[in-house]
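S.K.: What follows is each chain in one-letter form.
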Amino acid sequence: MAEGISLILLLLGAVFMLLAAIGMVRMPDVLTRMHSSTKSATLGVGLIMLGVALAFSDFDIGVRALAIVIFTFSTTPVSAHMIARAAYLSGVPLWEGTLSDEMRGRYDPDTHTLSGKVQSD
Amino acid sequence: MFGGFNPAPGEGESMILALAVVSVLGLAFAAPWLVRRAGNGAGWILAILPAAVTLYLISLLPLAAEGQPAAFSIPWSPELGLFFSFRADGLGLLFALLISGVGTLVVIYAGGYLRGNPDLEKFYAWLLVFMGSMLGLALAENMLLLFMFWELTSISSYMLIGFEHERETARAAAQQAFLITAGGGLVLLAGLLLLGQAGGTLEFSTLLKQDDVIRASPFYLPAVVLILLAAFTKSAQFPFHFWLPNAMEAPTPVSTYLHSATMVKAGVYLLARLGPALNGTDLWLYGVGGIGAATMLLGGYLALQQTDLKRLLAYSTVSALGMLTLLIGLGSPHALQAAVVLLLAHGLYKGALFLVAGALDHETGTRDIMQLGGLFPVMKLTAIGAGLAALSMAGLPPLFGFISKEMSYEVALEFGPWITGAVIFAGLSFVFVAGVTGMGPFWGERKQTTRSPHETPPSMWAGILILATLSLLFGIFPAIISAPLISPAASAAIGEPTDLTLALWHGVNPAFLLSIATVAVGTGLFAARQPLRSGLLRLVWPWGPSFLYDRALGAFNVLARELTRLFQSGYLRYYIMTLMVVATGLVGFTLFTRDGWDFPRGVTDIRFYEVALGALILAAALVATIVQSRLAAVASLGVVGYGVSLIYILYGAPDLAMTQFLIESLTVILFVLAFYHLPQFTQLSSRRSRVRDIGIALLAGGLMTALVLSATGVLFYPSISDYFVENALPLGHGRNIVNVILVDFRAFDTMGEITVLGIAAIGVYVLLKLSAASKSDKTGDAE
Amino acid sequence: MSPFFLNIVLALSWGALTGNFQPSNLLTGFVLGYGALFVIRRALEPSDYFVKVWQVIRFVLFFLWELLLANLRVAYDVLTPGFHMQPRVIGIPLAARTDAEIMALTYFINLTPGSVVLDISSDRSVMFVHVMYAPDADAMRREIKQGGERRILRLLRGTKIKKG
Amino acid sequence: MEIILAFVIGGLFAAGIYMLLRRSLLKLLIGLSLMSHGTNLLIFTVARLTRGRAPVISMNESVLEPPFADPIPQALILTAIVISFGVTAFALALAFRAYRSVGTDDLDQMQTTDA
Amino acid sequence: MNILIEITLGILILAMFLTFVRLVRGPSLPARVVALDMMGSLSVGIIAVYAVATQQPIFLDVAIVLALIGFLGTVAFAYYVEKGELPWPKA
Amino acid sequence: MNVLLLLPIIIPMLTGILTLFFRYALHTQRLVSLMGTVALLVASIALVFDVRRNGIQAAQMGGWPAPYGIPLVADLFGAVMVLLAGIVGMAVAAYALVSIDRQREQFGYHPLYHFLLMGVCGAFLTGDLFNLYVWFEVMLMASFVLMALGGDRGQMEGAIKYVALNLVSSAMFLSALGLLYGMAGTLNMADLAQKFSVNPPSQSPGLVTAVAMLFMVAFGIKAAVFPLFFWLPASYHTPPAAVSALFAGLLTKVGVYALIRVFTLIFLQDTGYTHSLLLAVAALTMVSGVVGAAAQNEFRRVLSFLIISHIGYMIMGLGLFTPLALAGAVFYTAHHIIAKTNLFLVSGVVERLGGTPELKKLGGLYRAHPILALLFLVPSMSLVGIPPLSGFFAKLSLVRAGLETQQYVLVAIALGVSILTLFSMLKLWAEAFWKPGMLSEVDTLPFGLNVRAWLYPIAFLAGLTVLIGLGAGPLFRFALQAGEQLMNPSIYIQAVMGGGP
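Residue numbers (my numbering), protein chains in the order written: chain G, -14 to 106; chain D, -11 to 771; chain Z, 12 to 175; chain W, 16 to 130; chain X, 43 to 133; chain R, 430 to 930.
Hints are computed from structural coordinates only; laboratory data are not their basis. Remember, predicted model here, so these are calculated numbers, not experimental data. All C-beta atoms, glycine included, are put in the ideal place defined by N, C-alpha and C. Take these hints with a grain of salt, some might be off.
What the hints assert, rightly or not - Non-contacting residues of chain Z with respect to chain G, defined by C-beta distances greater than 12 Å in every case (computed):
1) 15
2) 41
3) 54
4) 55
5) 63
6) 140
As the list claims (entries may be wrong) - Cut-off 25 Å, straight-line C-alpha distance, at most; resulting in silico cross-link-like pairs (SDA-like, lysine to any residue):
7) R:624 / D:537
8) D:757 / R:669
9) R:864 / D:557
10) Z:63 / Z:53
11) D:435 / D:295
12) Z:156 / G:58
13) Z:63 / Z:50
14) R:624 / D:587
15) X:125 / D:619
16) R:789 / D:557
Said to hold, decoys possible - Rough simulated footprint, nothing fancy, chain W against chain D, three-plus residues with beta-carbon under 8 Å:
17) 27 to 36
18) 193 to 206
19) 321 to 329
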């Protein structure tokens, strides 16, 4: 029984990763592409690791699978943030469909500071 | 395969013989120190040893006479057939005496001639090296030892010819002489070795006993040809004669000693030495005789038109050498006796004349015979010496020269009209040259010269007078030398013992009449030298071997430059291209023509996702080559790395995959780091070269694929990995076999690997720091 | 002696008692210890250790749910031909002050798909976030502040009485 | 599967050599890296591939039963990878310095040291 | 290696291809960087699935390492993409 | 476990590490460095005597039984090469003390120098092919850094060409290794020899020959044979004289050693094909080297090309493949290492005194420094083959071997190339020593030593050249033993596989 569930989980994880890849290809600009890929990939890995933990049903393996999940969950946001910030600041064009961009013009490249005066509430 | 060269005959007891040679060489090394001590008297002091050697050699004459020559032999490198063995038989002694005798006089003469010259110590060093090696050559019993001294004489002659090395012409002449003689030397080496293989031994004495075996062996022809070539280069025979006149750049003592009396005779000596074994075939007759005759005529003719004293003597020496070669070429016992006599006679009178030329040059500052005249009242002793030597050269009765000419004419008559005509012409030119050099400068009206001449110092005229009086002495009492010296030498040259009694007077016979006639015509020629020189003698053959030599040298340099520019183009990609083409061609050719190609067998089945992974790697590699942005190239390189790591995973190599992933990420980061500071990719090479490169790359890739396919197809032996698997846990106490192999079974590799990393770290540090430091250092702390 | 430390001690003692220090055994020891401490929580000096654990579990559940939901939305968007997203870059005034709080908030926003933190203003007053589905900027702002920030601050600030 | 990998190796070598023949110094480095990947894969493939079983004795068993991957080429490749990494790092530093002193990365400008 | 696992691996490799397409086409560098990062996590996925397929937990160690260091490359790229200009003027 | 086998590797490593610590204490660094080379020489002498007395010495690293561990093997040929490395190492170290500038010493010249020696000695002694690759890499890495140490433009360009081509050669070496392992399942040279010689592979024998060709190309690049030698003239004249002397003396010889080892021990299946190819390569190498030398007009570029030409002779010895020929090859290698290193040291002094490497601008050294002139004459004439120096015996043995195997064309080429070598040497002699020229005023050298301090290592090596010549008898007998040992691998196999702890 556990075997079946783990296989399904693996498949599910793989599907999510596929979605991430498709998102990667279809999305118009870097930032939107990043959303789909990093997030769902992380979820994909999470699911696969769950499947792995179930498949081996051994505590040590489980801990290792958990470790992988924790590492992925802790590193992906950082890299996502870094890439997003880098892409944005290096002037990557946003998708024309972006409704508003409140950060435009606030970044002062030579002093590397971002002015933060409060806008609305 | 070394049995063939059995060692020399045992009775090598007379150590002194070897000591004679070695001591002279030893003195050469001491010479600079001695010269600095002795100052002007150096010539006399240094002459003591050669004189002693001469006396010792004379003491060996009786031994050689009754066929028990002093011999000495110790093994130097028996496996190579080289023995430090000497044997003083008649011929060797005659030549050795000539070397040490004339050598002593030249050493003394040089003391005077080069007095005050700063390089005198170097001169003496090289002169004594030369004398030692010539003695070694004359007395050598082992053929390779002869070759060794042969090459040593070449290098010492290079040093001596280039004595005044500031002058470009002297350097060129020295180089020309050295290249030709050393080239001849190497040819000689090959010849001697072939002869050794034919005769079964490298020792002269034993070799000469197998003359019929040698003549029959297939090696005879190549051996003789090679040896002849070597002898002709050394003795300045026809095609290689041009280096001798150019060698007149050397100071006169060198010209006297090397380029008339001893070194140039080495080739003739070798022919005489090997004569008994090699002559008797028409190859020898026409080869040696023919070239000898040609050289004799050419030398004689060219001598007539020279105006410089030393070049005149040089060409007449070439002619004399030609005559000697001719006589040896004829090979009959009588001819060989004539050759031996001519050898001695020529050594005496030509040596004296050269010394005279040196004296004239030393006193008057010029060697041009047009400006020399009427010097008798001022240089009486030199004039007397010159006169005697000239008479001996011309072949007038009381002198020894007459006896040798007489014998040469007798031999020539035996061999028919052509030979006689040639010898007579040579005789004529001898007489002419004798007149011009011996008589010309001292009689007739006095001409103005740069330096006001006066008598040469004793050290110089002593040599001239001794040689001249010897010619006279041997002429009047030939018996002194005929028994002890000439007949053993002749018998050595002929091969079986002959006794030869020399006599001044052979009665009136055709030879005598001919010689008188030659003297008469010769003096006539001498008298008419002015119109002769301006008229008939103008025509000269411009495309001689000297011209060919220069052309060859020039062509070689041009060829070298062109080839190097072609190959060593400086473009790294051409280097890599040649490398790839050679590797692919060589390995491909071998693989396919020597049936190395084979279809793979026993391979694992194929899974679609693995194929996809392979395709991904290939695609990534392709992108890495095509993409323009360099960081994209790095990214695709990263993908290749990931793909390869995944393949390692799929085929059960976790450690490998982990290392590959780590290294891959690190490499990507490093590449980004480095590439960031380097310029963008630009399309540099032309389309054509890109297509060519693609071709080469595909060929090489295809070859690698073929190799892998055929290697997987064949399994010669089971791998030794089973041992590691069994013993990893019990002995290595580790479960991960790969790790155990790395840290235990093959830990030595890992040690090397870590050292490489350490050095790489130093390297990177040096490259980055030193550049920064060197910038600041230029201004920073000085050396 | 904070209750958490006590709980660890209990777990270890349980391990010692049962004689095997397998991680699984320690885990059961920890749960039992937690139960024991819960029963006698009044005896110990007051701390929200117990409330806290419950809060963490609820937050994790909320987070996973949020993650799944957002993923599904993105998946839906990716699979259907047209683009349904209304991406926007919005600035959110920050209530969080300390590094830990800002980091926690950033993690939360980054991990729930549909929103990525671009940058935080140098004076840490505003956080700029790129969001995928934000028809109305202010609504989105409120949602993030209420949903994510409130929970995280409550979680972090709640327990540290000392900190203001 | 060795057949497919043979072609992958051939492709890697071809790409590597093509990049080596280019005039840019950087492409040379990429070429070298590609070639070393090819070489490592070659050593791995030629020594027979076995799918899945890593040469590791797991905790519960004391001896490894047959169908396992051959550990020796893995050890060799590991050493080779690390060595080629060290050398690549040095080559990068060298390329950087060469660029600084020559001013361009075009290899054709760098022929002053030849005849 | 039952069929389900193979399909999963196939899907993951397909995802790899798609990411690779983005990496090739990606107009800007950050796009390529994201693709490379994606490749990293895809590899983790593949390794994990393969570990299950061959019942070899040893592969998980590789997955752990990869999960950790995969993002280092991305951060390096990010640092440089943002930096933009050269640290010191071109020689 | 014969410790003598391990010493030649351990000593340079320890010295390298020690000198690494005293980065700024230059005097200590120099002292330790010199002591290290002396120790290495002593150890190598002990090794040679040991091998000569009781046959091939073999020791398994880590005590693992024969084909499984990594063996260190010292046969006569290997021991002699280690001895030569020791000699050259000491001479160049002494020379470097006075000639290497302070800045390079602060940036790790001495440690790199000793690591290179370690790599070289390791390569000579190892009995495992992959271990040979690792030692090659150690040696190459050290040489890369030594080549680039100093960082001026010429060095950079030379280093790039040197690094690129050597890396390609290492990649080929590795692929060949992989293929060989794929076929024979082992990397231990003795085991390989045993497997290939006892029952040579039946099907597709051509594959083994193809792999042999790959080995030939890989080692050919390192040994700088024809058409793979382009990196040598482009890079050897760029680093300082001491460094290029060490390279000239040792690096290419390791390539030759590897070629000889591999083609006398393992690849004996198709000697008709492989060794006649070697002969052709030898002839082409000889000619192309000497032709290249004639076109140069810088002191060290001429010498670089001459290295290539003389490598041809060693390959000729291997190609002829008879005990006498191999003895000739061993003797020639020994002679060439000493003479060529010496010539590079002399070129360093000449460049220092003349102020420039260009021959056109050099001159007047014969009158100014007659001792230097004589010391130049000894190695240069020895390389030409003028007796009684060592070169003559080396050439004699090769010519004799050639004649015995009826390779007349090759012998003719060998002798002809000697003349062209003479032509180049005379060009050097006439231009640098005889031609009158201005002398750069620098007569005092760093640390206040005069030229004499430079001449001690040169005199030492020149003395050796003469001694080898005079002592040719026993030495050639020694080389003959080495040749015989190389000719029948069974002794080697028995020593490694059979015996060995």
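S.K.: Output the numbers, in ascending order, of every earlier hint that fails for this structure.
M.R.: Violated hints: 6, 7, 9, 17, 18, 19; rest satisfied.
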